[in-house]
Structures are given as C-alpha cells and as structure tokens.
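Please model the complete structure; the sequences and the hints are all you need to start from.
The opening residue of the sequence shown carries number 6 in the working numbering; numbering runs sequentially from there.
Hints should not be assumed to be uniformly reliable.
Said to hold, decoys possible - The calculated EDC-like cross-link candidates involving lysine to aspartate or glutamate, where the alpha carbons are at most 16 angstroms apart (straight line), are:
hint	residue 1	residue 2
1	K75	D63
2	K182	D138
3	K75	D138
4	K127	E97
5	K182	E163
6	K127	E163
7	K214	E276
8	K127	E81
9	K214	D138
10	K127	D138
11	K304	E342
Everything labelled a hint here was simulated from the structure, so no lab data went into it. No experiment lies behind these values; they were computed from the predicted model shown.
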Amino acid sequence: MSLSEGRKSLRHDLPVEIYSLIVDEVRLDDSILTSMALVCQLLRSLAQPHLFRSVVMDFGKENPCRSKTKLEDFLEFSKVSPHLAGYVQSLEWTVVNINRLNESLMAQFLFKCGNIRTFRFKMIVGRHMCAIDWHELDPQLAEAISCVLKCPSLHLLELCMWKNFPLQNLRSARNLKHLVIDGVNEHPADPHLLLQPTTRRKTASLRLKNLHLGRYSKYVVDALVDSHPPFTRPTVNLSRLRMLSLTWHEMSDIHATYKLMSEATRVRVLEMRVASDADIRIFGLSRAILRGSCRTLRKLTVYLPRPGDFDPTETLLDILEELRCLGNKTNKLHTLEIKHRNYHALLFDSSFLPLYHELDTLLASAFPSLRTFRIRTISLVDNRKEQEICLTPSFQEQLRSMMESCFPKYIAVDESNIEFSLKTENRRYRYEE
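Listed below in structure tokens is the structure:
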C-alpha cells in the first residue's frame with residue numbers, strides 16, 4: 006500500500022487507544038513504525054517514542070560515516086522537534102577510533118538526552134591497540150559523559166576499555182542498579198574517590214543489584230569496598246547485590262574479590278571465569294570466594310579454561326568439593342552450569358569420563374535442591390561474544406547416549422545446537438533471573 010492510499014484508508018473515528026494498541030504491536034519493526042509516522046500527526050506522535058527509544062551507533066573501521074550521518078540527522082531533527090531527545094532511553098556506542106568531528110557531534114547528542122536509562126560505551130581493542138585514554142577526549146565530550154552519569158533515570162552503565170577513567174564520577178549515578186566495567190582503570194591522581202559520600206549520615210549512595218567486573222577490577226573493588234575516613238563503613242551498600250560476574254586476569258583480581266565477597270553476602274547468581282592469559286594459580290584460589298556467598302547462592306556458572314592452560318577436571322572438582330564441604334549452607338543451589346570452549350575434548354576425551362561419573366555421585370549427594378545441571382560449549386568470536394556451535398544429528402545422538410550412561414540419575418530433556426540440560430527426576434524448576 007502506498008503512502009497516499011494509507012492516508013485515504015485511515016479511519017479518524019477510532020479512539021486514540023486503538024491506534025496506541027496498533028503501534029505497540031509493531032513497536033519492534035522500525036520500517037513499519039517509520040511508515041506509520043508519515044501517515045498522520047496522531048500516528049507520528051505514537052510511533053516516535055518507539056523509534057527513538059534505543060540508539061545504537063558503531064564507529065567502527067568498516068563504515069564510521071553511517072553513524073556520523075545518523076548523529077547529524079538526529080541533531081537536525083531535534084532543532085525542529087526538541088522533544089525527540091527526551092524519547093532516547095537506551096544508548097549504545099561502539100568505538101574504534103574517534104576523530105575530533107565525531108567527538109563534537111557525540112557531545113552535542115549527549116547534552117540533549119536527559120532521560121537515558123541504559124548507557125553502553127565500549128572501545129573495541131585489537132592486538133595492537135590500547136584502551137582509549139580519558140585525557141585524550143575532547144573536554145566537551147568528557148563533560149557530556151559526566152552529565153549522563155548524573156541522570157536520575159540511569160539504571161544500567163557499561164564501560165569497556167577506558168584508561169585513566171575518573172571513577173569518582175560514578176558517585177553522581179544515584180539510581181544505578183546494573184554496573185558493567187571491563188578494562189577500566191582509575192585516574193592515578195584521584196584514588197579511592199568512587200561514590201564517596203558528602204555527609205557523615207549518608208554512608209552509601211548506590212545499591213547495586215548486578216555487577217560485572219573484568220580487567221582491572223582491583224580499582225573498582227577498592228573503591229566499592231574500602232571505607233574512607235572519617236567513615237568506618239564501605240561507601241557503597243552491596244547488601245542488595247544479587248548477580249555477580251567475575252573475570253580474573255591477575256592475582257590482584259582474586260585479592261580484590263575476597264574483599265568484595267565480604268560485603269556482598271546475598272549473591273544469588275555467580276559467574277566465575279579466568280582469562281586465557283591469566284596466571285594458572287588464579288583458578289585454584291577462586292573457590293575460596295564461594296564461602297562468602299554460599300548461604301544464598303541459587304545459580305553457579307563456571308567457565309572452564311582451555312585444557313592447554315591447566316587441568317579443568319581438577320579445577321571443577323575442587324570447586325564442587327568446596328561447595329560440598331560447606332554442607333547444608335549450599336542447600337539452596339538449584340542450577341549448576343559449566344561452560345567450556347572445546348566441546349570435542351569436553352565430550353569425548355577419556356580424561357573427562359571419571360569427571361562425569363564423579364559429578365553424578367557428587368551432585369546427587371551434596372546438592373539435594375539441585376534442579377538443573379547444564380554443560381554448554383561455546384566459541385568466542387567478535388570481541389569475546391559467545392557464539393553457538395552447530396552440532397550434527399549424529400553428534401547429538403552420541404552426546405545423548407554418552408550423557409545417559411554417565412548420568413543415570415538425570416534425564417536429558419532439552420537438546421538444541423550446543424546446549425543441553427540434564428534435569429533431575431523432581432518437578433521441573435523454572436528460574437527467572
């Protein structure tokens with residue numbers, strides 16, 4: 006149907022609620038929303054909040070001009086319709102190399118957006134590239150990012166690969182609930198200033214629920230957990246932290262984790278992983294952190310390193326043995342997930358068969374509340390994003406027969422591509438993160 010035909014067939018006698026329901030049904034299709042916005046003023050006012058709610062821009066090597074053009078177009082539109090900037094709630098920028106012109110446009114864009122709920126600013130780093138330095142940013146863009154952190158609506162913040170980032174700026178994000186930091190180190194001139202309260206009565210300005218830590222986590226943990234004179238308590242309330250994801254690259258990350266777990270005592274979902282180039286001693290020490298969160302732990306995900314680094318069989322058994330030794334304290338654990346990169350080695354290497362038989366006995370005896378045990382194989386591509394590995398039907402059949410023989414107490418109920426679940430004979434338990 007052409008645009009003119011659409012305008013002719015439009016009924017004007019329907020209530021506004023009907024048009025609103027129609028727009029809500031197609032809110033995920035930008036092409037349909039764009040067409041509807043061109044029909045009449047009413048549909049335009051209903052479609053615009055969905056069209057501008059999420060803005061994703063990739064300033065990569067392939068076509069950085071496209072994102073630059075999108076910025077320029079938005080700034081031109083906002084001159085005529087200033088209310089468009091208020092619709093932007095989710096903003097994701099991926100950067101490889103920022104030039105000065107783009108920095109100016111990005112700053113203008115951020116200054117106009119005052120209702121951002123999700124802000125992701127990631128720097129793609131290759132083998133011969135380093136993280137972007139905060140000191141090298143245009144002062145106007147740095148000020149604009151600081152203004153975004155002050156938005157009372159900001160709930161999720163993700164920062165990846167930043168050098169000399171002033172972590173104390175995060176104290177302005179009063180309502181932040183989800184924090185993802187990877188490869189961000191602190192400004193050396195401003196140590197221990199993150200979220201430092203301004204009065205003696207206010208001992209915590211943030212109450213995080215989800216926390217993901219990657220490289221240089223020591224800087225963030227020190228700022229989160231350490232107290233600052235004249236205060237005797239940590240400057241952030243971690244008692245509401247429910248989901249914790251940790252990636253260890255060096256020994257300082259492990260020591261920082263000990264400090265973090267002493268405050269985050271109510272974690273329900275825990276993810277543990279070690280970088281491929283990390284010290285092999287790290288994973289052996291990692292099981293000790295479970296003692297701080299075992300009382301409330303519901304789901305545990307362990308990323309096993311590659312076999313070439315060290316023996317993943319002993320690593321996994323050590324972690325499970327630590328949980329078993331804690332006895333009744335872990336009786337709430339209902340989901341155990343193991344992720345590994347090399348699925349052929351994980352499934353067919355003879356060295357893993359003793360692991361499977363021991364796991365079957367250990368899981369049944371030590372974890373009475375366990376409902377789901379999952380083994381998943383992954384492949385890391387495109388800046389460490391997980392990608393599914395397609396398995397042939399014959400491979401899946403071999404997988405099923407082997408798992409049924411190794412885990413007689415479990416029943417395979419779900420197999421698709423690289424992931425399959427083995428659930429106990431008890432009732433199926435659905436867990437919502």
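Now for the hints, and whether the structure bears them out:
1. K75 x D63: 11 angstroms, holds
2. K182 x D138: 26 angstroms, violated
3. K75 x D138: Violated: K75 and D138 sit about 25 angstroms apart, past 16 angstroms.
4. K127 x E97: 8 angstroms, holds
5. K182 x E163: 11 angstroms, holds
6. K127 x E163: Judged against 16 angstroms, a Cα distance of about 8 angstroms means the pair holds.
7. K214 x E276: 14 angstroms, holds
8. K127 x E81: 26 angstroms, violated
9. K214 x D138: Violated - the C-alpha atoms of D138 and K214 are around 29 angstroms apart, more than 16 angstroms.
10. K127 x D138: 13 angstroms, holds
11. K304 x E342: 8 angstroms, holds
Checked against the numbered hints above, the structure violates hints 2, 3, 8, 9; every other hint is satisfied.
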